[in-house]
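Sequence lines, in order, name chains A and B.
Mapping to our numbering: the first sequence position 238 is 238, numbers consecutive.
Mapping to our numbering: the second sequence position 152 is 152, numbers consecutive.
The reader is advised that the hints may include incorrect statements.
[To be verified] Calculated cross-link-like contacts (lysine to aspartate or glutamate; reagent style EDC-like; alpha-carbon spacing at most 20 Å):
| id | chain 1 | residue 1 | chain 2 | residue 2 |
| --- | --- | --- | --- | --- |
| 1 | A | Lys288 | A | Asp22 |
| 2 | A | Lys109 | B | Asp314 |
| 3 | A | Lys242 | B | Glu87 |
| 4 | B | Lys34 | B | Asp101 |
[Unchecked claim] Partner residues aside, some chain A positions facing chain B, computed with beta carbon under 10 Å:
| id | residue |
| --- | --- |
| 5 | Val46 |
| 6 | Val179 |
| 7 | Gly208 |
| 8 | Glu287 |
| 9 | Pro298 |
Since the hints were made in silico from the structure, they are not lab data.
C-beta: ideal position from N, C-alpha, C; glycine also.
The lines below spell out each chain.
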Amino acid sequence: MNRPGEVDQKVVEFAELVGAVDPITVVGGRTQWAVGGTPESGTREVQAPAGIWSHEPEEMTVRCGAGTTLGELSEQLARYGQMVPFDMAAEATVGGVLSVGHSGLRRLKYGHIRDLVLQIRHVDHSGQIVSSGGPTVKNVSGYDLCRLMVGSLGKFGCIAEVTLRCLPIPAVAKWFTGVLDPFEIFNRLYRPSAILWDGNRVWVCIEGVESDVNAQASLFDFEEVAGPPSLPSGGRLGVEPKDLRTYTQNDEDKWVAEVGVGVVHSERPGPDRSINAVNRSLMKDLEKRLDPNNRLNPGRQVLV
Amino acid sequence: MVHKSADEKLLSDLRSFLGDRARNGDFELGLYSKDGSVLKGDPMIVCLPLNTDEVQQIVLACRKHDRPFLARGSGTGLAGGAVPIGEPVVIATAKMNKILDIDIDNRIAWVEPGVLNLDLSRELSPLGFHFAPDPSSQQVCSIGGNVANNSGGPHCLAYGVTSAHVAAVEVVLPDGRVTILGDLTPDSPGYDLRGLFIGSEGTMGIATKVAVRLTPNPPEIRTLLLDFADVRDGAAAVSAIIAAGLIPAALEMMDQRAIEIVEAFVNAGYPTEADAVLLVELDGLPGGVEHGVQVIRSVAESHHVGSVRVAVDDSERALLWKGRKNAFGAVARIKPDYYLHDTVVPRGKLVEVLEKVYQIADAYDLIAVNVFHAGDGNLHPILAYDSEEKGVLERVQAAGRAIVTASIEAGGVLSGEHGIGLEKRDYMGMLFSAHDMATQDLVREALDPDGFANPLKVLPSGSRCSDSFGQHVPEGAWV
Ligand SMILES: Cc1cc2nc3c(=O)[nH]c(=O)nc-3n(C[C@H](O)[C@H](O)[C@H](O)COP(=O)(O)OP(=O)(O)OC[C@H]3O[C@@H](n4cnc5c(N)ncnc54)[C@H](O)[C@@H]3O)c2cc1C
């Protein structure tokens, strides 16, 4: 149960560790450490508590320390035929993945990872614990600070504990490839899990019961493969899904796009994207309110 | 509060660009003093803008005259979110009801906030798409209201609530600036202000355009009605279906009293002798749907199901849903008034909390009817009453508080979809610590430092630093 005052002891200890004074950053699996830049030197590094604190298979929810690795999480959930489709490196931590806020490869079907978050407990700049969201699969109690935390690169607080929604692992998950028009595939398949495209070749992930997966796959001249291609990891940019049709890049660079989503994985970082002046002022104001002394991940930037 | 002369100045300022779409006649003021809840407020002026520009000018005029304002969609909200407190100007979006652009390649539609939820899905249907959130009030509620309340509906079990289906929102901020939160790319740069705004119940500004995501219509749909002689078996079956790894598109439950009332109203052939029914919908590709039907049959059998009825065609399916979607209206057959609650509990606690709901209703001498989104543990106990009865409102209120308390004690939350508004504002402390609420307020203030937008909602007054327009739920707010 998750009422005020019933915070896990490990969260309380983490709050003491974070304290209220010096510059601080939480280290996860360092799998996406450079996103937004690295913290200034002199910033104290701490680790969030790890471990699965409760998994209730019938509720399809799991509560864990933010330092729990995705590997540990998926191992536990898989025992009950469940998953949280983060689709990131096994060494990455739940808190780290949420702080960076990049969606996984199967976003086309499962949506953004922020929509899997039910409750977050974080330690704020003053060393106090803040809970937002709630433990149940549906909840609109209070302002949605969980959404705000996802993708905030730790600028609003140190995530200590997370409750996530779990999904059933589909009976069958297959990857297919072919040299085909990805947009036609997008329009004809019913809710595929991923469509990847490198400008020439397409990889498609289809999940469900065997007969549906096979029937969907038979609509195109596909060849079954073990999994997705290796993705260029130098950069990640986003365009409107329809703009992928005309997407071209420096020919020497490899890229793989998520069709229907608009994420492009490329070898080099994309251009910085501008934020309009009004939104920037609101975001700056939020930073000032939630971290008045600039002690949370100083040097790391969400607002480039 | 503000002097009469200032009000007249504000009215004439508003009329200078709205003409007779700025109103303060008794009829309008009466109409806009209430929403779908049992609360009542006091609007000062009602405005019916046509576009973003006009909304912006109204907001600027309100600021000039130091007058709060409140956005209103269709007024079906059940937590008093659209009840005007502190004599605000009501900005009703009813005339901003155009679907602006349907962008199939991006699977997005840009709509004005006054577009009705069902109208949007009807418009999209021939193109093979729909807007997934489908509140039971979808015939009348507005997309702006859905965004403000982060609304759900029966099919949100599989598809998620409004926040997952809105890519961007154009907002007139409480200081009159206009901006777009979010965008159509997968990672809108900066912090997720879009996600923060959705569900903020009109306290962070007024949505003037919404980019909603289009969901493809499923190729196959199967609707089943299961009846149980014991409500406990029905509730246990809900957990067992989910535990079997199946997430139906919808999984709704009705208790005995609801079945009786609904059947008398729609004649859908609901089994009136049953203690509970489950309405289950499966959608997707044919193999998955067929597999789901088998899983449900076998789970139902092991939970002593009476019968399993599978709708044979679209008209039977529509009939089964008609019962569910008209349940609240049908309650009028037993008592003229009702108070509809909304809490969420872990699915495994459904039976326990349902039993408490009946006990609470008995203790306060009220009638409880239960029709709810069982699949996600979202209870909707309806307390039916007659407001003419002396002292009944006090009993309804006390029973409501007891239901919320029982839900929280079972590990649940204050609201699954109707929001906090005014109704549950003072219950926030049951779920959040003072510091949690102070942090929420800090964030709210970043968007509305002076407390102009829908004042006195969501957070109890103690946690708000900027309540310039009064403090408590006013005496007499309960109708
Ligand atoms: C019979 C019945 C069944 C219902 N079933 C469901 C259900 O299944 N699921 C569910 O989630 N809800 C349900 N509801 C509740 C209600 O219909 C929803 O909350 C709905 O989204 C409210 O929309 P509205 O247009 O009526 O908003 P209103 O009631 O007019 O306003 C609701 C809130 O939104 C704010 N608001 C409205 N428009 C804007 C805007 N443009 N910008 C900013 N803020 C705005 C208001 O200030 C207010 O705080 C039901 C209600 C009834 C009466």
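Item to check | Hint numbers contradicted by this structure | outcome: Hints 2, 3, 4, 5, 6 and 9 contradicted; others consistent.
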